[in-house]
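Colleague: From just these sequences and the hints, can you work out the full model?
Chains as they are written, first to last, in the working numbering: chain A, 1 to 381; chain B, 382 to 588.
These are computed hints drawn from the structure, not numbers from a lab. Keep in mind it's a predicted model, so treat the numbers as computed, not measured. Hints should not be assumed to be uniformly reliable.
[What the hints assert, rightly or not] What follows is a set of in silico ranges between Cβ atoms, one per label pair, in the way DEER data are often shown:
1) B:Thr384 to A:Pro254: 44 to 54 Å
2) A:Glu93 to B:Ala431: 52 to 62 Å
3) A:Gly194 to B:Gly458: 30 to 40 Å
4) B:Asp576 to A:Glu23: 40 to 50 Å
5) A:Arg182 to B:Thr578: 39 to 49 Å
6) B:Gly458 to A:Asp125: 32 to 42 Å
7) A:Asp361 to B:Asp576: 40 to 50 Å
8) A:Asn244 to B:Leu394: 39 to 49 Å
9) A:Asp14 to B:Ala431: 33 to 43 Å
10) A:Gly123 to B:Ser533: 53 to 63 Å
[Stated by the list, open to error] Stretch by stretch, here's where chain A covers chain B in the computed footprint (C-beta under 8 Å, at least three residues):
11) 499-513
12) 527-535
13) 572-586
Backbone N, C-alpha and C fix where the C-beta goes; we use that ideal spot for every residue, glycine too.
This is what each chain is made of:
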Amino acid sequence: MQFGIFSVSDITPDPTTGRAPTEAERIKAMVTIAQKVEEVGLDVFATGEHHNPPFVMSSPTTYLGYVAAKTSTLLLSTATTLITTNDPVKIAEDYAMLQHLADGRVDLMMGRGNTGPVYPWFGKDIRDGIELAVENYALLRQLWREDVVNSEGKFRTPLQGFTSTPRPLDGVPPFVWHGSIRSPQIAEQAAYYGDGFFHNHIFWPPEHTQRMVEFYRRRFEHYGHGSADQAIVGLGGQVFMRKNSQDAVTEFRPYFDVAPVYGHGPSLEEFSSQTPLTVGSPQQVIERTLGFRDYVGDYQRQLFLIDHAGLPLKTVLEQLDLLGEEVVPVLRKEFAALKPAHVPEAPTHASLVAAAGGARDATVYAATDSVTGQAAAEVEA
Amino acid sequence: MTTRTLAVVSAGLSNPSSTRLLADRLTAATVAALRARGDDATVEVVELRAHARDLADNLVTGFPNESLRGAVDTVSGADGLIAVSPIFSASFSGLFKTFFDVLDKEALVGKPVLLGATAGTARHSLALEHAMRPLFAYLRAVTVPTGVFAASEDWAGAGGVDRALADRIDRAAGELADLVSGRPAAARPVDPFADPTTDFGELLRGS
Numbered sequence: 001m002q003f004g005i006f007s008v009s010d011i012t013p014d015p016t017t018g019r020a021p022t023e024a025e026r027i028k029a030m031v032t033i034a035q036k037v038e039e040v041g042l043d044v045f046a047t048g049e050h051h052n053p054p055f056v057m058s059s060p061t062t063y064l065g066y067v068a069a070k071t072s073t074l075l076l077s078t079a080t081t082l083i084t085t086n087d088p089v090k091i092a093e094d095y096a097m098l099q100h101l102a103d104g105r106v107d108l109m110m111g112r113g114n115t116g117p118v119y120p121w122f123g124k125d126i127r128d129g130i131e132l133a134v135e136n137y138a139l140l141r142q143l144w145r146e147d148v149v150n151s152e153g154k155f156r157t158p159l160q161g162f163t164s165t166p167r168p169l170d171g172v173p174p175f176v177w178h179g180s181i182r183s184p185q186i187a188e189q190a191a192y193y194g195d196g197f198f199h200n201h202i203f204w205p206p207e208h209t210q211r212m213v214e215f216y217r218r219r220f221e222h223y224g225h226g227s228a229d230q231a232i233v234g235l236g237g238q239v240f241m242r243k244n245s246q247d248a249v250t251e252f253r254p255y256f257d258v259a260p261v262y263g264h265g266p267s268l269e270e271f272s273s274q275t276p277l278t279v280g281s282p283q284q285v286i287e288r289t290l291g292f293r294d295y296v297g298d299y300q301r302q303l304f305l306i307d308h309a310g311l312p313l314k315t316v317l318e319q320l321d322l323l324g325e326e327v328v329p330v331l332r333k334e335f336a337a338l339k340p341a342h343v344p345e346a347p348t349h350a351s352l353v354a355a356a357g358g359a360r361d362a363t364v365y366a367a368t369d370s371v372t373g374q375a376a377a378e379v380e381a
Numbered sequence: 382m383t384t385r386t387l388a389v390v391s392a393g394l395s396n397p398s399s400t401r402l403l404a405d406r407l408t409a410a411t412v413a414a415l416r417a418r419g420d421d422a423t424v425e426v427v428e429l430r431a432h433a434r435d436l437a438d439n440l441v442t443g444f445p446n447e448s449l450r451g452a453v454d455t456v457s458g459a460d461g462l463i464a465v466s467p468i469f470s471a472s473f474s475g476l477f478k479t480f481f482d483v484l485d486k487e488a489l490v491g492k493p494v495l496l497g498a499t500a501g502t503a504r505h506s507l508a509l510e511h512a513m514r515p516l517f518a519y520l521r522a523v524t525v526p527t528g529v530f531a532a533s534e535d536w537a538g539a540g541g542v543d544r545a546l547a548d549r550i551d552r553a554a555g556e557l558a559d560l561v562s563g564r565p566a567a568a569r570p571v572d573p574f575a576d577p578t579t580d581f582g583e584l585l586r587g588s
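Modeller: Structure representation (structure tokens):
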């Protein structure tokens, strides 16, 4: 099982001091956090993609490319990549490039975005949200799997004899997850392709996550990718810990009370009982997280949200220490002991290469290059 | 004899409340009218005052908590609905509107609804027609032709109810009973997690 962190990249004032980080500080803090995720022994760091304040992360591959150079084992991912408003050609190119630079330590999570206005900023219409996700993703898959693509769809200018470069590392495209809080159509899409399904699992009651995951598992089996319990499931989660649980509650409450997403509504205690939010001791986080398995089954990836709502970097790094030292080692052991042998781990570059029968160089050489007019073979000769 | 479920939503704030009083009169008359048509009725009352904070939380978090969930399910699953609000500032109360704002937008489609409203003066009476009825038209509910408005003076007749108000209550209840008893057993809301009718592969080829 994989454990990691996902970030929405928000710039939120710290309610206890009133101070908000600058963009420069927040961007560098996110690099520090990703490095720390690797250092404390977690597996994955996933960044959101947003194109409006208060968020900084408009350019995930620039950021992840930099993090790739600063890390060596960390799996780089997204939460989420906007499959609706990004050009699928650019996603194909950017993430194949990242795959090469990161030696395959890359996967992606597709999502539709959380704000209506983002669609027109990129020349799209929110009413086409699901259709865009369906068509763009089909094209993205084709671009990664076929060297020469001819395509005509409803939303993008047609492609004639187009080759997306670089080709995926070792001829194997990155694994893809699909994230959706409430749209069964997206779970259906994930099931159809045998891709992973990720539920944010932060904002809504667990019963809702359970129904979405059950649906995805059932449809995964329907489309012949394996039994329902072999489907690839990821969950989010939100935690805040201190050794002493009352210290955690006292320290987190001012952040909770005015948090952009749920602040000014239910109390911390109410929200903790209504949703998977866990504020308390490491042991409480361990118990709550193990309980997720009771309603979604054996799953493959657990990401925590810890760097939001104005929490200072120092506090976030302390949370990572607690996760790395006290929580995740226990969760790894407990989840592994519970997982039946026929339930797979989340696919990685290595496992996908093995499944493809080994690595192959997928480079597509131009017949002749447009500068010299010579073919590669002629230049070498 | 079929047993029908009647949900009653009352947005009165005081206790006792004339809004609840009107809701109870409408309910009793509807149950009697259903019996006259050979149907039994189960009544479930949702007092919105008890859910005032739940509703505010739902606006902020995007989901109903457990307590509000019960009220939402009661109304969504009922065969018929009696909805009564006090009139504040020329329209239904904000609390009343909030409840219908957090319902699933399909929850009331085709559902027979009897509208009632109360106020201190008869000058508010048409709010029923130009504020409340359009809300339910938007939600694609089937409202009965008679909406029942009661001002303070309407409660002053013999037995505490003006005869004209009593007649309107009976007429409206009869209209609601006609719709409810003529209806097939409670249409279940569409399950968003049922298997899709179109295979994803077909969807792709068609797009």
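Colleague: Among the hints numbered above, which are violated by the structure, and what are their numbers in rising order?
Modeller: 5, 11 and 12
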